[in-house]
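Here the structure of chain A is known, so what remains is to put chain B in place on it, guided by the hints.
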Amino acid sequence: MLLRKLLTGTTVLCLVILVGCSRGEEAAQPQPPPARPEGKSVDSATAATIQGRVLYQDGQPRRNRIRMAADAVCVQQHQGPVYSQEVALNDNGTLRYVFVYVKGQALAGYSFPTPTEPVVLDQRGCLYTPHVIGAQTNQEIKILNSDPTTHNIHPVPQNNREWNTSMPPNANPLVRSFPREEVMIPVKCNVHPWMKTYVGVVSHPFFTVTGEEGTFEISGLPPGDYTIVAWQEKFGTVEQTVTVGASETKVVDFSFTPGGSTD
Amino acid sequence: MPDQPHDDPIVGRSLSGPLLVASLILLATLAWALYDEFYGLRPWKDYQQHFVHLYTQHLQERIQEQSAAEEELRRSPDYQRLEQALEEARAGVAPEVERIDREVNDLNRRISALTDVFATARGQVTAMIYEAETSPAEEDKEQILEEVERIRRQGFDARLPVPDGTMETLHYTYDELEDEYDQLRERRAFLLAHRVEVTQHVKELEEQRQTYRNQHIIGLAETQLRGLLTEARNLELEIKQIHVQDTELVDRCESCHLGVLEGRRVGIELTAAGIGGERLFASHPAPELLAIHDPERFGCSPCHGGNGRAISSPIQAHGRYRHWLWPLSYPENYQAGCQQCHARDMVLEHAGVLNRGKELYRLRGCIGCHRYEGFDNEPERLQAVRLQMRELELQRAGYELEIQRSIQRAENPDTPLEEARRLFARATNLRVTISNLEAEQEQLQLRARDLMREIKLVGPNLKDVRLKLRRDWIPVWLHNPHAFRPTTKMPRFRLQEEEIRAISAFIWQSGTSGEMPPQPRGDPGRGRELFETHGCLACHALGEGEDAVGSRFAANLSRVGEKVNYDYLVRWIHNPRQRTRPYCPREKRDLTPEDYAKHGLPFRFDFEHSTCPNDGAELQVQNMTVMPSLRLTWAEARDIATFLLTQRSQAPETYAGADFMDDPGLFERGQSLVRNYGCAGCHEIAGLEEEERIGTDLTTEGSKPIERIDFALLTHQAEREGWYNHAGFFERKLADPAIFDQGKVKEPLERLRMPQPNLTDADITALTTFLLGSVESGYGFPPQYIYQPTDRGRDIQEGWWIVTKYNCMGCHQIRIGQPSMLMTLPRYQTPEGREKLPPSLIGVGARLDPEWLAAFLANPALSAANLHRNGVRSYLEVRMPTFGFTVREIQTLVRFFGALSGQAQPYIRPQLEPLTNREWVMARELFTHPAAPCLRCHATGDPLHDRNATAPNFLLVKERLKPGWTRRWILDPASIIPGTAMPSGLFRRQGNRWVFSGPLPPSLRDYRGDHAELLVRYMFYLTRQEQRRLSARLASPGSVESRRISLNLVESH
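For the protein sequence lines, the chains are A and B, in the order given.
For the first sequence, the positions run 240 to 502 when the working numbering is used.
For the second sequence, the positions run 1063 to 2115 when the working numbering is used.
Looking at chain B on its own, in the form it has when it is part of the complex:
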């Protein structure tokens, strides 16, 4: 027997076990791969299926609603009448239409048959003529042309259909063929035109029916909805993406958010509630934003953040993981996306949170420590202007040298004549160039002066503390400003008792000493009245906590009586811009009366006397506050100050004595602390005027790499709790600026310096949103998306900075739907109160002559002599203040208002046609008509009359208004300023013109012109004498008669 073979592993051992396992593993892997391929990595497929389900359901519901609505419509008598008229009209024209259609049909067949023949013939002839034209030999040419002629005469056969269905064969020469062809086509064109005429009426009725339907049925028609339903059922499961070629942007957000743009595309709105409560399928909530940011061009992620290409999971797609730099914005911060491209817009439509953030940044004084590009950059611009001036100076010196050299060479007899002439010309040109440079230099010089005036600080001038404040109050304030005034801009610094003493002492001792001229006390009752009626509450508030009334733009004055020196306050209220000493930036100190006396000059400094007597440097001659002058009399200022002194909750004498403040030993310590805490960022402090901001530049803080943001010992906690990101840092830092010192052992001066700003949660969200959007150009969004408007857009953009800087919106409404501060005060809620409100500035660019507006902004009293009044609306108690605007601020504001109203610039005053004698008579009668007693309400300059006037003087019209606006205004004032005292309906439409609604005076009965137009021209040619004549006429006994007529009128209505 053969040897039993050894135990051969190949024969004897089976590998089927491992193989089976391996193949099972392989199979499982394959299954897993397939699963991942079709489901695991494709979560969007689930979303899409889910969407189809919900969407079809939703559409079906809608279809039901719509069909019910349409059924109801069809049953309505109006619709049936339209329907019937349409049917009748159709029936009426049907035979004619049928006849035309039949003939056209026959013609079409005949033409198409003839076209073949004619096209062939023409091709043949054309080809031969071309051959003749290009043939070199004369004889050939002639021969070919003869052949052409022969063919044309010989003619062609054409088989044409006859209306009865048979065919006929006709023979045509070439010319006949062409004629026949043209005739047939002409006939067809005629018939088709005729058909349009015949069916015209039917078309109109169809349109009427459609219009009626559109007016009564909202949304898509049932058939349209059915179309959508079919589409939705057949929705292909695929990645849906927006690809913007220019910017290489790919956003696949719609792969899951299927409804977000669907509504926009097809014209329906999907709400979360309507689509099964799934927010992710709802339509984009701000279609007005999409209208100006077409998603096909802008994509999604540039505004919202997130990883637009990722589709493997929501976390991936939303970029909410460590390595994606631009995670999806949190809902409360989504307006950060706007800031990325709209950094230069101070006020942005549709971005209230962001606007609030910017406003806070400026108003709460963040800007005092943290530079931000574009914010309060007047000092930087001033520096740039000075640099530019130096450059021009050098350029000019260079040109002068070149002139010297050119002339010298030209005058040298050895220089050839031609060359000499060229050099002389060169010298002349350079001289002209220099004179242009001089013009430019002059502008820069003015600009530099203006910029000095435009620089404003957040906090008050601390050089005046000794003149202004009660000494003992200062340390109490420093200890906790919010305890004294919860809404103050002044943040709370984390100061030791010793630090408070040193800082108080330094501030006190560095202040200007002296005495204010003593002021007698005024009448507090009258002071309160003035305070409440003159517009102080547009910026300030009175009352604490819930009881506060007024604005938070400037200080709440509830306890001002505890801290302030009366004599100083009077002067401040009279003119807050008036400094006690001018500041010289070159000498870096305030000038004293001695500086002026040295040069034999009076101690006088204002915009006309703004150069330093020592060295001619431009001085800072006004307090760097935005508070304007209300042009009050001294008596009024005293009344208001006396009233404000009563605003206190504890007696000033109860403050503990603080004699240490006069201890000179504390001065240096105090100064170094003040420097350390950056107080000079917001305050003017003697010796620290040129201090730099101490904080980080925040212009691109939102794109600072997260590793460079110091979460300190809280890093791990932040990661654990999911706030290790920019938003988390900003929010926590703003709520508690010391938070990232937690657990650290630091020397006092090394601790974080940022003080507690005492912000509400909403404020923190707004500021966080603003900072999150503060990113470098191109950070997560294509740089070409940055909004860089020209002309109109830029004028608007620039204007808002000034408007918000001076809080114009405290008194005026500038944006539709946004009330001014005054409009919200109880005083102005009654009908009488509303008439006392400052005018709305909506559409003011179309209303006012820009030149006039510029003059008005410079001096709202419109008078050099009588300043204590409103130049236009003398009847308003709220006083339009003098802001001391610079030329550029005025220009910017004028352009801003013009741009808001879409006005062309510069404005060229149109010349109105002068009135004929007859028109003067007619206009006068209209103007003083009892049914339009214009002069009853409008001021006339007569003090007795003007006491009760509620509208401006007509004599201002010519300079102040634009004729087009004036016409629109008298036709329908309520549509321009809702709630105006000026009545509408003075004119009614008659054909193409407007005629007076009241009983027509005899002189106007056969006047064919436009009455409104006539009145406008009259107003623009009105003179003082004419107005006086009219007033006299109204006051004469004859007016009793007119009043009677007006009474009759009222009765007859």
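Looking at chain A on its own, in the form it has when it is part of the complex:
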């Protein structure tokens, strides 16, 4: 206890000195959150898996064309028209860029190490690649600019800190993280108003973003009752509850319609 007090005291002192030395600069580097009491970890022997597809019910959605005329550099990056990725329909009738994650009390009491591998978000052709990403809390998000033009990265979160940083061409990758859960954080580029991405931040590794096949798989889950949530940029969220036993694999499909969603 005494040690902890001493530690806190020293931290505060360091902070004071740090602030004293760094006044005038942008707010100093985010501090690692203080260590939390360790929770349980998942027993891989009994871990369960949930998998499924995200379907689109209404044939071919209308695709909105993006006009990039405001920045000639952006136009040069593309041959032919560019379409909005708001609703990205795969050839097999499934939806891409749907963020699927686990919500539920069943995970309370567990703690999950922060992945050391960063999530990469690239700005390429004046679009965000990939269009939607997920990250665990405090997991590093590495933002690249592959365009020969200047972008600004401007997340507008509710539960986390807002920031807005400029990235000129050839800028060093920008590494940031979000310490609090938030689904989803919209991120935009004010220079190129059509650019928009979303970051889903949850405190555990049970999330994924659907790809070209429109499928998802969440594995390594401890047995229990879960609410699985699928979030789509235009159509909102769909929830389903699932109970998985030890080492069980369950299939859960989601489907969205323009007017809302059906299971």
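None of these hints come from the bench; they were simulated from the model.
Heads up, the beta-carbon is just placed ideally off N, CA and C, and yes, glycines get one too.
It cannot be assumed that every hint is accurate.
Here are the computed lysine to any residue pairs in the SDA-like style, where the Cα-Cα straight-line distance is at most 25 Å [to be verified]:
| id | chain 1 | residue 1 | chain 2 | residue 2 |
| --- | --- | --- | --- | --- |
| 1 | A | K427 | A | G475 |
| 2 | A | K279 | B | D1476 |
| 3 | A | K279 | B | L1479 |
| 4 | B | K1518 | B | G1946 |
| 5 | B | K1808 | B | S1765 |
| 6 | A | K342 | B | L1479 |
| 7 | B | K1518 | B | K1766 |
| 8 | A | K381 | B | Q1466 |
| 9 | A | K427 | B | H1671 |
| 10 | A | K381 | A | G463 |
| 11 | A | K435 | A | P462 |
| 12 | A | K427 | B | R1488 |
| 13 | A | K342 | B | D1476 |
| 14 | A | K342 | B | E1481 |
| 15 | B | K1766 | B | Y1396 |
| 16 | A | K427 | A | N391 |
| 17 | A | K279 | A | T353 |
Estimated spans, in silico, between C-beta atoms of each pair [claimed, not checked]:
| id | chain 1 | residue 1 | chain 2 | residue 2 | range |
| --- | --- | --- | --- | --- | --- |
| 18 | B | Q1450 | A | N409 | 42 to 48 Å |
| 19 | B | Q1505 | A | R302 | 50 to 56 Å |
| 20 | B | A1501 | A | G319 | 36 to 42 Å |
| 21 | B | Q1505 | A | G319 | 53 to 59 Å |
| 22 | B | R1651 | A | V359 | 56 to 62 Å |
| 23 | A | V312 | B | A1501 | 47 to 53 Å |
| 24 | B | Q1507 | A | N409 | 56 to 62 Å |
| 25 | B | H1661 | A | T368 | 46 to 52 Å |
Chain B only, in chain A's frame:
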């Protein structure tokens, strides 16, 4: 026989003798008490009786004069005509008026009779309805309402008078009664309105007669005077007092000074001569002061001093005794009373003596040794700003720490979401707060820089002595500055020969050594011409004693040729602010070229290069003199310097050699003496830049307890001779600062240090007045009386400090009735000379666009390239100098002029309606009309033409002038600037508009608009091309025709 009783004292001795004596004493005491009660302690009764006597006499005389005057008036034909018209009009309307009056009279009687009946009826009905409304039961309600209805129908009897004098009785229902009542009242109102209409004409004639009378008879009417006479005869002998409740002020001065406010109350003026030569009964001599300081609210003693409650004797009442702290001001110092509440006003209307005192305090360098709140306080303000900057820095660090902590806590997953959001918001808000702080910090930083520039010293920079002065002259000067230059600010110190040698040597040796770039000689004749015409005499003077011409604001240059180094003088005249070395306040020394070379920088320092290369501190880059740059060419500066070298009364070579000044052994002794005498209060001296003032703070010297003022061995003499008071001390000290050392045995360094300032008696009175008024808040006057103006008043108050600091009044007239220095010079007395005077600044706030004015003040050349000219009045020889004003000084000046003219701030330039094509044609014709040859006098930018121009270029109008003023100006320039070259009468009034006075050009004949207005709009839309076109048109052969027309015009007049 019975024994003779012993000698019984009761029986045998009579006490009647002592008793008689005692009772006589008692009686005498009673008589004395009664006498004192009614006379002895009531000297004011005598005064009052005396006043009544003199006042009634005076009134009687006046009545006689007035009745004679009125009689004369009544006999004048004009008055009789008015009188007759009035009589006729009265007679004409008399029958009608009489008829109306009779009917109204009848109506009145009838109405008053009916009112009784109606009021009773209405009361009864109302009361019953109220009863119905408040009664709880429905049936009761209905019953009562039915009863009301019955009464209303049943009606009332009324006995009414009939015009013939009899009475009649009529019966009315309630409704009928009400109708009748209303009708009668309406009829009466109608009749009364009608009566006003009928007598309207009579009223007008009466007014006319009254106006005529007022115009021809000055003062009160005879009847009014008779009223006053009756009042005066019946004057009650009593204590007359002013009691101001708010401040618990009681002044009974009027118990004796009965006439002092009487004039103000009743509207007559009592002069001492008019009231039997008794000054004490005369009216207050400054009614304009009373108008802004209502005696009922301010009383008397707050301004004048004295013991306002005391009435037992003049000495008591005037507070001229030892234990009264605030004695009545002496007549010559009475303006000290103004200073008590107007300490922050540098220039105060109606207080010339006080203003002079303040000016002297600053100008003669009193301020070099004696701090005075508000005077030359730039160093203090600089310190305050620096302190404020440090505070903001700390505040900011605190906020940054708090942001860190908030974010850290918010990002901790254990913090509840709501709390986290609040903390994020808090961090965001703090970041915004910091950015606001940054804006504030930026302002403070600029302010600090500005304040460095605003600091000025009374005396010259002594670091430059080696470059500037003839060495051998210095000890002669120190010996007695007044012998060399009687009007100098430099006071005479009581120095021993040895001290003079040491001080001279120190000053000489501490000076910057080096060589000034050599300058070729100029033309002294041209130099004199430039000196006399460019405005140098607005601050300097030439000639000694009675022959001196020019101002005493700065040095009299009569003998400057004896002391000065030519090369230095040229540079000084070219730009006096240019230092030889910049001063670094952090290192407390002048920087050398080596300091710059160390950092690979050129030795360059000015407002753009004002940071120290060693440590980034803000440097003092200019000489701390108020002398501005006249933007002269080097050749002009050389001419003037060459002329000034001829100003001498003895050859410079005749000064005795002073080789001791190079003796290093004298340096330390000299330095300690210089420190002791406080030379650094007025001069910049190497190593002593941060010295404090050596004298007493005089801000509240006037309220210093008399026991703490050291009359030394003269105390008894002062008491005996009646000058043991503040005024006595100040006057004697200023006349002879050593006086209170008389008779004392002191070491040289312990003697009084104050030097001899060589003041005239008038100067001493002015300074004494100023010091007497320099009292603590609330000393003898209520603190809430202190003048603390807002907005307009404050802008004026602040502006005067800058105006007097830089002597704007040397060249410009700023107050009505107060001439500038230049206006008094012989050169400017001729009609041609007057046109060469700098413009009067009266009303300039209404004239000039403030933004333009700000730009002009920053650079009066109005050009970055051509500095050697006047930006506006290129035709004037007097040069408007560049003062190097700081942003705040410019802002203060602009606000000052705006406030003097009552202008709203900030100024938003009004949008004038653009001209139609037809209006362009018309305006052009007006503008170039032979009867208004505007371009003849106004500059056009064509050098050939502008040689003879005497007015500014029209192209400046749009940016420079305000349209409203421009219109007033072209209508009647003489009423704005008397004596201006611009003629009045260009327009004449026609109904509601002004039309051109000359023969109307055809295009304008059926124009219904205002011609002046049209011309103003034209001027505000005038372009360079348009002006060129006009000039060409004037120069074309057609103009011969126009000139002929103008000649005809002159002839026909």
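Here is what the structure says about each hint:
1. A:K427 <-> A:G475: holds, 19 Å
2. A:K279 <-> B:D1476: holds, 17 Å
3. A:K279 <-> B:L1479: Holds, at about 23 Å.
4. B:K1518 <-> B:G1946: holds, 12 Å
5. B:K1808 <-> B:S1765: violated, 29 Å
6. A:K342 <-> B:L1479: Roughly 17 Å separates the two Cα atoms, so the pair holds.
7. B:K1518 <-> B:K1766: Status violated; Cα separation ~29 Å.
8. A:K381 <-> B:Q1466: This hinted pair holds, its Cα atoms lying about 23 Å apart.
9. A:K427 <-> B:H1671: violated, 44 Å
10. A:K381 <-> A:G463: Violated - the C-alpha atoms of A:G463 and A:K381 are around 33 Å apart, more than 25 Å.
11. A:K435 <-> A:P462: violated, 36 Å
12. A:K427 <-> B:R1488: holds, 24 Å
13. A:K342 <-> B:D1476: holds, 18 Å
14. A:K342 <-> B:E1481: holds, 22 Å
15. B:K1766 <-> B:Y1396: OK: B:K1766 and B:Y1396 at ~18 Å, within 25 Å.
16. A:K427 <-> A:N391: holds, 8 Å
17. A:K279 <-> A:T353: holds, 14 Å
18. B:Q1450 <-> A:N409: 42 to 48 Å: holds, 44 Å
19. B:Q1505 <-> A:R302: 50 to 56 Å: holds, 54 Å
20. B:A1501 <-> A:G319: 36 to 42 Å: Given a distance of about 49 Å, which is not inside 36 to 42 Å, the answer is violated.
21. B:Q1505 <-> A:G319: 53 to 59 Å: holds, 55 Å
22. B:R1651 <-> A:V359: 56 to 62 Å: Given range 56 to 62 Å: holds, Cβ gap about 59 Å.
23. A:V312 <-> B:A1501: 47 to 53 Å: violated, 36 Å
24. B:Q1507 <-> A:N409: 56 to 62 Å: The hinted range 56 to 62 Å is violated for B:Q1507 and A:N409, with Cβ atoms some 36 Å apart.
25. B:H1661 <-> A:T368: 46 to 52 Å: holds, 50 Å
Hints 5, 7, 9, 10, 11, 20, 23 and 24 from the list above are not met by this structure, while the remaining hints are.
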